[in-house]
Amino acid sequence: MGTLLEVKNMSVSYGAIRALRGFSLTLDEREIVAVIGANGAGKSTFMNAVMGMTACESGDVFLDGAALPRESWRIVRSGLSLVPEGRKVFTTLTVLENLRIGAFPLSKPDPRDMDWVFSLFPRLGERREQPAGTLSGGEQQMLAIGRALMSRPRVLLLDEPSLGLAPIIIRDIFAELRRINEEGVSILIVEQNARQALLLSRRAYVLQTGCLVKEGDSKALLADPEIKAAYLGH
Amino acid sequence: MDFNFSTLFQQVINGLSLGSVYALIAVGYSLVYSILSFSNFAHGGFLVVGGYICYGLLTGFDVAFGREVLLSVPSMGGIWLAGLGAMAGAGAVAVLTERLAYKPIREHTSMTLYLLIASMGVSIVIENIFVILVGGRFRALPQGTFPAATFDLGGGVTVNASDLLSLGFAVFFLGGLQFFLMRTRWGLAIRAAACDLRTAGLMGVNVSRLIGIVFFVAGILAAVGGVFLSARYTLYPQLGGITTKAFVAAVIGGLGSLPGAVVGSLLLGLAEMLTAGFVSSQMRDLVVFSMLVIMLLIKPAGFFGKQISDKI
Chain S
1 MGTLLEVKNM
11 SVSYGAIRAL
21 RGFSLTLDER
31 EIVAVIGANG
41 AGKSTFMNAV
51 MGMTACESGD
61 VFLDGAALPR
71 ESWRIVRSGL
81 SLVPEGRKVF
91 TTLTVLENLR
101 IGAFPLSKPD
111 PRDMDWVFSL
121 FPRLGERREQ
131 PAGTLSGGEQ
141 QMLAIGRALM
151 SRPRVLLLDE
161 PSLGLAPIII
171 RDIFAELRRI
181 NEEGVSILIV
191 EQNARQALLL
201 SRRAYVLQTG
211 CLVKEGDSKA
221 LLADPEIKAA
231 YLGH
Chain B
1 MDFNFSTLFQ
11 QVINGLSLGS
21 VYALIAVGYS
31 LVYSILSFSN
41 FAHGGFLVVG
51 GYICYGLLTG
61 FDVAFGREVL
71 LSVPSMGGIW
81 LAGLGAMAGA
91 GAVAVLTERL
101 AYKPIREHTS
111 MTLYLLIASM
121 GVSIVIENIF
131 VILVGGRFRA
141 LPQGTFPAAT
151 FDLGGGVTVN
161 ASDLLSLGFA
171 VFFLGGLQFF
181 LMRTRWGLAI
191 RAAACDLRTA
201 GLMGVNVSRL
211 IGIVFFVAGI
221 LAAVGGVFLS
231 ARYTLYPQLG
241 GITTKAFVAA
251 VIGGLGSLPG
261 AVVGSLLLGL
271 AEMLTAGFVS
281 SQMRDLVVFS
291 MLVIMLLIKP
301 AGFFGKQISD
311 KI
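In the order they appear, the protein sequences are chains S and B. 234 is the number that my numbering gives the last residue of the first sequence; the numbers go up by one with no jumps. 312 is the number that my numbering gives the last residue of the second sequence; the numbers go up by one with no jumps.
Honestly, the hints are just simulated from the structure, not real lab data. All values reported here derive from a predicted model rather than from experimental measurement.
Label pairs and their calculated CB-CB ranges:
1. S/96 <-> B/124: 44 to 50 Å
2. S/96 <-> B/241: 39 to 45 Å
3. S/106 <-> B/138: 52 to 58 Å
Every residue gets a Cβ at the ideal spot worked out from N, C-alpha and C, and that includes glycine.
Bound-form chain B, shown alone (with noise of 0.2 Å):
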């Protein structure tokens, strides 16, 4: 493929969408890695619950029941319900995965391993939750959810309402995050655990509670990007190994580091993107999956990470 700056240009703009979505969920990853020092592989999961909820909710749940078992939101205010709906289902799913899955191993055990291998599994039940539930089909939100209108911004470079629409709401969402953690009691606390959780406690911080919170956060983030995904590429129960690339996204930037997981997240959308664009889109992966390989090889600890102990 020929170089041409539309096409450079195209590019970028659509990798930062990407990379914007990849930071919703890396952001995630690295939220729940800052307090509990594991890698939680079930926020792939909580993406897919985030994405069969919004898709339930615009179309009446039909996929499940044969039948619309209730109004379709469409007519109730569309996606934005949806979303809504998404965002706390997802939570609520990862709040009940940290409370069912996790904190028994936490309270008997310090090793962390247990952790990663306990969400790997939550990972697998949820995943065929879906596939027992509505089936392993590739569904499409209905059309009209997003709007289709594509800008035309000259030179043959067009932008999708979509695109721009997942780009502004990942800034909204990150941007709500950071104000969550600077600006708010409970923000300042999640920040003093991701230094020292135990210290946490002797503050009066109910870490318990604490942790709750954070998995909610990370549900909720998650849902939007799981909405964004499958309006990009379908929905379906495996939707969720997108995260592989969030979280390779999160420990290229430094696993626990927020503004590592939004900076490694970018790179890694524009990385897939231009090469999608100047080389071939089979090669994405690749060039992924290279560039943690080299990331790990001259700086382990990532661009914002601070130890360089086990990040599994």
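Just chain S, same shape as in the assembly (with noise of 0.2 Å):
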């Protein structure tokens, strides 16, 4: 398996506050990779900053080898995808229209792919016609994900999936995400439940205050007794 996204020595100062300092990651073909911290640890900068929402001081980012253009758009064009922080759906569009937007760097959008988002998430089928903005927390969630599939992305990137969701969803859209991995999409996730992060990803980083502090398997993680103490829980 090659590696298929690759960040560089990545800095994001917010004026005189340095909110990432330094921080490197790899993610391989058909991977799962989380990050994980305490709030305001620096992973949502981080996500960002991959995406072109946010300047870098310093840092770089490939795709294959190749080095990811600076707009947004750009960068979803070449192959990424993010789930944002608090879903992020457009409220006053439907369900189907949402989708569709997800679609539109295609310049040809396949009916299929529309179908396998139902497929994953059968609830976002039934509502198909409805606000996005009438869905439930959970579906909004979802939505978002299916959402950010319609561009066919190689990296699907999820800032806090499991932001303010009842456990049972957070467990149903876990399950789809390890489904969506399977489909081939690399996934790479930042989650402050380290537990369940953990538990999907293969390798895990990190990081306390914009700095990476532990990087390696996540099931060496999860019985870290430090990471334990910090982020489990117990």
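Assembling the complex is the task here: the two chains are given apart, and the hints tell you how they should meet.
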């Protein structure tokens, strides 16, 4: 399995505050990698910087060895797709329209893509004509994931997908993420919910106030006493 | 003035016709507001650009250069070509305004107040470019530009062909806009961007191009409004000031909402013409701005508006 996505030495500052300091990460083909850390550790900053939404002080991102473009819309076209923090579905548009806008970069959208999303999340199919604003939080998260899949990404990036959702819904969504990965989509996930993220991923990086403090196999991290104490709540 | 039904009917027709022209302009205000959350006061300038291009094409640009520099178009399809030229020109000026005046600000700050102030500046610039180029005189579109016929509907009610035309064209262009927004790929992108501009960029939409398209469309609609307003009131560099009323209509309907802009415009046109017919023509503006004040007091978001944030 070759390296698909490589982030080298990324730093981001907001004024005097250094939100991310020289963070490097790799994601292999068909791999699931998690970045965990507490609130304010720089996880979302990292995601936004990869997607071109936040300017980096330094750092490079490569996809298949080629440098990513700078503008978000070009990054999406080159094969990355973000499920943003807080879902950010287009509330005034219907479920169907949200999925259609997700396919915007494709010159010829394939109806089978939408069928696939509906097979992953049947509830979206039942509610296809409803405005996205009328969906529950869990359904909006499903829609945000489905929307991101519509551009046929090679890497699906998820920023805090468990945020504000009931545990049972989180379990469902993470199960679908595994199915999505089995279809060949590599996944980079950023989570405060360390347990779920470590259970899902193969490898993980631990961020603390913008610095990498630990990385390794997710199974090993789950058993790591320090990680247990700091992030797993016992 | 005594109440009678023929006056009522007459003024309702006039009101709808005026309101439909307001709607073309108000929709442009709302479209830009829905994407960038600021009221683009240069919009009146786009209208004036459209009006003068139309006038210039119809008269062979003798105003600007003292003689006919090119074959005037009446012999070549007249108002149709002049109208198309006006739309293309105003659309281009709108895009240029965005690129030169707004984009540099957008890229540096998310404070929309700066955009608002810049738009006021652009409006002054455009107005004075025309004062310098063609002078401040009032100009009427050449006779015969629009059919002068009036239709007698009986009972003393008459309709001008040009009023019917402006109503018809407004419906046509608003319908076209609706089709563009609801049935095309970029239309969908614009609706998504109206909901959340930043996230639209994450969908692979080139936001910069999207904003350009929005300004081009707003410019086109302003030009159509400009042509009909210059037919109604004559053309002068400050004609753009009339868009204040379209802006009021957009606020009453709910800034950012396109149905709101249309409903607000028709209401305003009707209120203006009914006041002129039954009270006094001088009271028109008083009624218009009273409606605005009352609306802001009882329903600040307007009829169809969603957020009640600062609408400036």
